[in-house]
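A.B. asks: Listed below, chain by chain, are the residues.
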Amino acid sequence: MNEAVKVMKYGFFDLLRSRWIFVYTVFFLLITGGLLTFGGDPNQAVLSALNLVLLVIPLVSLMLGLSYYYYTRDFVELILTQPVSRPAVFLGHYAGIALPLALSFLIGTGLPFAVYRAGNETDAPVVFSLLLAGLLVNLVFSALAFWIGLANEERVRALVIALGVWLGLTMVYDGLLMGFIVLMQSYPIERSLIALSLLNPIDLSRIVVLLQLDIAALLGYTGAVFQRFIGTAWGVAMSLSSLVVWIVLPLLLALRTFRRKDF
Amino acid sequence: MVEVASVEKRFGKLDILRGVDAGFEGGKITAVVGPNASGKTTLMKCILGLVLPDAGEVRVGGESVRRNPKTRAQIGYMPQKAQFPENLRPKELFDWIQDLRGEKSSLTRSLIDYFELEPFLGKPLRVLSGGTRQKVSAVLAFLFDPPVLMLDEPTAGLDPLASSRLKDRMFEERARGKTIILTSHVMSELEEFTDEVKFLLEGKIVFQGSLDEVRQRTGEERLERAIARMMEGGSL
Numbered sequence: 001m002n003e004a005v006k007v008m009k010y011g012f013f014d015l016l017r018s019r020w021i022f023v024y025t026v027f028f029l030l031i032t033g034g035l036l037t038f039g040g041d042p043n044q045a046v047l048s049a050l051n052l053v054l055l056v057i058p059l060v061s062l063m064l065g066l067s068y069y070y071y072t073r074d075f076v077e078l079i080l081t082q083p084v085s086r087p088a089v090f091l092g093h094y095a096g097i098a099l100p101l102a103l104s105f106l107i108g109t110g111l112p113f114a115v116y117r118a119g120n121e122t123d124a125p126v127v128f129s130l131l132l133a134g135l136l137v138n139l140v141f142s143a144l145a146f147w148i149g150l151a152n153e154e155r156v157r158a159l160v161i162a163l164g165v166w167l168g169l170t171m172v173y174d175g176l177l178m179g180f181i182v183l184m185q186s187y188p189i190e191r192s193l194i195a196l197s198l199l200n201p202i203d204l205s206r207i208v209v210l211l212q213l214d215i216a217a218l219l220g221y222t223g224a225v226f227q228r229f230i231g232t233a234w235g236v237a238m239s240l241s242s243l244v245v246w247i248v249l250p251l252l253l254a255l256r257t258f259r260r261k262d263f
Numbered sequence: 001m002v003e004v005a006s007v008e009k010r011f012g013k014l015d016i017l018r019g020v021d022a023g024f025e026g027g028k029i030t031a032v033v034g035p036n037a038s039g040k041t042t043l044m045k046c047i048l049g050l051v052l053p054d055a056g057e058v059r060v061g062g063e064s065v066r067r068n069p070k071t072r073a074q075i076g077y078m079p080q081k082a083q084f085p086e087n088l089r090p091k092e093l094f095d096w097i098q099d100l101r102g103e104k105s106s107l108t109r110s111l112i113d114y115f116e117l118e119p120f121l122g123k124p125l126r127v128l129s130g131g132t133r134q135k136v137s138a139v140l141a142f143l144f145d146p147p148v149l150m151l152d153e154p155t156a157g158l159d160p161l162a163s164s165r166l167k168d169r170m171f172e173e174r175a176r177g178k179t180i181i182l183t184s185h186v187m188s189e190l191e192e193f194t195d196e197v198k199f200l201l202e203g204k205i206v207f208q209g210s211l212d213e214v215r216q217r218t219g220e221e222r223l224e225r226a227i228a229r230m231m232e233g234g235s236l
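So the sequences go chain by chain: A and B. Every letter in the first sequence is one number past the one before it in the working numbering, and letter 202, counting from 1, is 202. Every letter in the second sequence is one number past the one before it in the working numbering, and letter 156, counting from 1, is 156.
Looking at chain B on its own, in the form it has when it is part of the complex:
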């Protein structure tokens, strides 16, 4: 569903991505893991077309992302820290995004209830707490039932209830064949639901495979240990 082919990206003197090749398939939850500043968010933004790669190509549903806004209709994105127009209210934001896309979503009501946003619908976004804003962001990601979901640190800042609801939702979407790409620092959480791990180190994917393969490769039972082992470069 999503293919990344020899993507390179420099920011000034920093080589963020140095030839990344990766494929993301439907019906799977794929986690992109790696140390801070390894290029996880940049990779996601390349898939979205927010960051324009210096070299290489990104394809979503077979179509190149470059200068092709239509590919984004297939992606639901939940950023690490969502920024909204502060004077707008969630209700207006949802209406406005639907208006912008010229597409009515039949899921609006159910998603608002699912993430318990009803009491906040009429409040300006600027007064909402970080967690509530994350929920607004989650609603936006799921709103148009896109075939690809990209969640950047989705559960950071969410309370346990919201966080487990989000996970349940992800499982449902996986069962429906969606391609789910996420990053997270909470390894125990990844262990719970990841089908595949892509390990990004200094702008390159140094390992990709299932959780079992990670364990075999490193000889560590816990994912956190295994990843730490990989970061140290011990088993590569």
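Chain A extracted, bound-state conformation:
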């Protein structure tokens, strides 16, 4: 564990020096700051930020995660010539990309809310749930990026797969879900809908935030179903634990590949 932290430390500082992470932070600062300044209502700002977060974070985590994976691939060789175990190197590398990305989102989004809060009323749990959802989505998609990278030596192929995953989970999945709802509208499909939402990390994080807003019913079918059938507390608990599974599972698969890999 100690070794993993040390591996992470270098990745962390190396990445903090790259301008991408800086651009990423400023992006969130500008967007969130803008939404709060010109939007007025903080809950409205949370919603707008949420929609953006659910589109941008998966894409950036996948792309930066992949390019960082390829960028460090050769260097991993040097680390592995040192007396450090492979799982430690793997975990350290993952944390080395996932944590700076998470941090830049948390600062970029959290800071404007904190400043705004100094002079205005805000709904702390709502903002908190937005930050939590963003953080988890970030961890999920960085994990997916590592897995995709490890499974594909070819960079272009990996990029195409990553884009496919992003399009699939952000857009296609919702479209299919809609189709399913329309087709099956005369049947009691609520429970299967819940199950289907659990399969998509983006839906899951959306639910985490929407359930805090007490307007879940107004914002999409799955939100309503969740609130009605499971209740807010259980709904949040269930979404959060499914998100954790979404982080752990790709990581375990990637680790398995990493342990058997030749460098």
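The reader is advised that the hints may include incorrect statements.
[To be verified] Think about it this way: if two alpha-carbon atoms lie no more than 35 Å apart in a straight line, the pair counts; the simulated DSBU-like pairs of lysine-lysine are:
1) B:K13 / A:K9
2) B:K204 / A:K6
3) B:K81 / A:K6
4) B:K81 / A:K9
5) A:K261 / B:K167
6) A:K9 / B:K123
7) A:K261 / B:K81
8) B:K70 / A:K9
Since the hints were derived computationally from the structure, they do not count as laboratory data.
Place chain B on chain A using the hints.
C.D. replies: Using the frame of chain A, we list chain B on its own:
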């Protein structure tokens, strides 16, 4: 010190190593030679545990290398082409590796001076020239005074000064009983300092012995000729 026993490795359809048996002893410089793609680098990487053999076993200091990162504490490795985290500076890299191993090296200062890296310590690795990066890599290999040194094409890209310093260092280490394993394509250079040659051809060691034995076997005086002769398969 290093024992390789019936090691096999396939990459897809390519048989890179087909049952390699070899021992590397302390106090000797052993060169692994062979044509391109004969498996030299793969063999080195098997010893390091970077490549996992399909069959056979590698032991360093009596301990199996497989899933045993501790054996790497005994090996200093200088790869053919070193890859570094590009935004890091040599100074930070040296500190970080020491931090990673939880071990302070008393040699850092002297090695930096020896390879004349002082002016580059504060520059990001990405702006350093190929030769300078090789020197950084050399410092890393010697840093923890390991009993085994593995140098993959060590002098390629080094200027004459750095290259001769590296060789001097190797002689010193040999005198101190270190096991030194290297590959090189520069035969005249190998002639200068190799005690033993292991000739790798199509994934097998087809000949091992001292330089004199190579000469006797092939009837050629120059190592380059002798090796070329062996590659042609004439004397095997």
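A.B. asks: Of the numbered hints stated earlier in the document, which are not met by this structure?
C.D. replies: Those not satisfied are hints 1 and 2.
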